[in-house]
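With the sequences and hints as input, model every part of the structure.
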Amino acid sequence: DQTTVYPREIIRRALALDASALILVHNHPSGDPSPSQMDITMTKEVADACSKVGVQVHDHIIVGKFGQTSFKALGLL
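Numbering (my numbering), first residue to last: 1 to 77.
Some clues are possibly wrong.
[Said to hold, decoys possible] Below are the DSBU-like pairs computed for lysine-lysine, each with C-alpha atoms no more than 35 Å apart in a straight line:
id, residue 1, residue 2
1, Lys72, Lys44
2, Lys44, Lys65
3, Lys52, Lys72
The set of hints was computed from the structure by calculation and includes no laboratory data.
Structure below.
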(Lines of atoms letter the chains of each structure in order from A and count residues from 1; the text may use other names and numbers.)
(Lines give C-alpha, C1' and ligand atoms only; values in the text may rest on other atoms or scores of the structure.)
Protein backbone atom coordinates (compact mmCIF):
# COMPACT_ATOMS: atom_id res chain seq x y z
CA ASP A 1 0.00 0.00 0.00
CA GLN A 2 3.01 2.29 -0.30
CA THR A 3 6.32 2.73 -2.02
CA THR A 4 9.30 4.92 -1.34
CA VAL A 5 10.21 7.67 -3.78
CA TYR A 6 13.54 9.42 -3.47
CA PRO A 7 13.63 12.94 -4.93
CA ARG A 8 17.34 12.47 -5.67
CA GLU A 9 16.55 9.54 -7.99
CA ILE A 10 14.00 11.59 -9.90
CA ILE A 11 16.42 14.51 -10.15
CA ARG A 12 19.26 12.22 -11.23
CA ARG A 13 17.18 10.84 -14.10
CA ALA A 14 15.89 14.29 -15.14
CA LEU A 15 19.43 15.69 -15.25
CA ALA A 16 20.73 12.65 -17.14
CA LEU A 17 18.09 13.33 -19.81
CA ASP A 18 18.74 17.10 -19.82
CA ALA A 19 15.09 17.61 -18.90
CA SER A 20 13.89 21.09 -18.04
CA ALA A 21 10.52 19.80 -16.84
CA LEU A 22 8.74 16.57 -15.96
CA ILE A 23 5.38 15.05 -15.22
CA LEU A 24 5.11 12.55 -12.39
CA VAL A 25 2.75 9.61 -12.92
CA HIS A 26 1.88 6.65 -10.75
CA ASN A 27 -0.99 4.25 -10.27
CA HIS A 28 -3.21 3.33 -7.36
CA PRO A 29 -3.93 -0.41 -7.54
CA SER A 30 -6.95 0.15 -5.28
CA GLY A 31 -8.62 1.84 -8.25
CA ASP A 32 -9.26 5.14 -6.44
CA PRO A 33 -7.15 7.87 -8.09
CA SER A 34 -7.58 10.31 -5.18
CA PRO A 35 -4.23 11.55 -3.84
CA SER A 36 -3.30 10.47 -0.34
CA GLN A 37 -1.64 12.82 2.12
CA MET A 38 1.60 10.92 1.45
CA ASP A 39 1.19 11.54 -2.31
CA ILE A 40 0.72 15.26 -1.68
CA THR A 41 3.71 15.50 0.66
CA MET A 42 5.97 13.52 -1.66
CA THR A 43 4.97 15.64 -4.66
CA LYS A 44 5.79 18.86 -2.82
CA GLU A 45 9.16 17.46 -1.74
CA VAL A 46 10.01 16.38 -5.29
CA ALA A 47 8.85 19.70 -6.79
CA ASP A 48 10.87 21.70 -4.24
CA ALA A 49 14.00 19.62 -4.86
CA CYS A 50 13.59 19.84 -8.64
CA SER A 51 13.18 23.61 -8.55
CA LYS A 52 16.58 23.91 -6.88
CA VAL A 53 18.26 22.41 -9.94
CA GLY A 54 16.13 24.20 -12.55
CA VAL A 55 13.68 21.39 -13.33
CA GLN A 56 9.98 22.22 -13.23
CA VAL A 57 7.29 19.71 -12.28
CA HIS A 58 4.33 20.39 -14.60
CA ASP A 59 1.93 17.89 -13.06
CA HIS A 60 1.52 14.70 -11.06
CA ILE A 61 -1.10 12.31 -12.39
CA ILE A 62 -2.51 9.37 -10.46
CA VAL A 63 -4.12 6.64 -12.53
CA GLY A 64 -6.67 4.27 -11.06
CA LYS A 65 -9.25 1.80 -12.29
CA PHE A 66 -11.92 4.47 -11.94
CA GLY A 67 -10.13 7.32 -13.74
CA GLN A 68 -7.23 9.66 -13.14
CA THR A 69 -6.44 12.69 -11.01
CA SER A 70 -4.26 15.66 -11.91
CA PHE A 71 -2.55 17.55 -9.09
CA LYS A 72 -2.45 20.63 -11.30
CA ALA A 73 -6.21 20.47 -11.92
CA LEU A 74 -6.80 20.12 -8.17
CA GLY A 75 -4.58 23.12 -7.42
CA LEU A 76 -2.08 20.95 -5.51
CA LEU A 77 0.85 21.87 -7.72
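Right, here's what the structure says about each hint:
| no. | hint | verdict |
| --- | --- | --- |
| 1 | Lys72 with Lys44 | holds (12 Å) |
| 2 | Lys44 with Lys65 | holds (25 Å) |
| 3 | Lys52 with Lys72 | holds (20 Å) |
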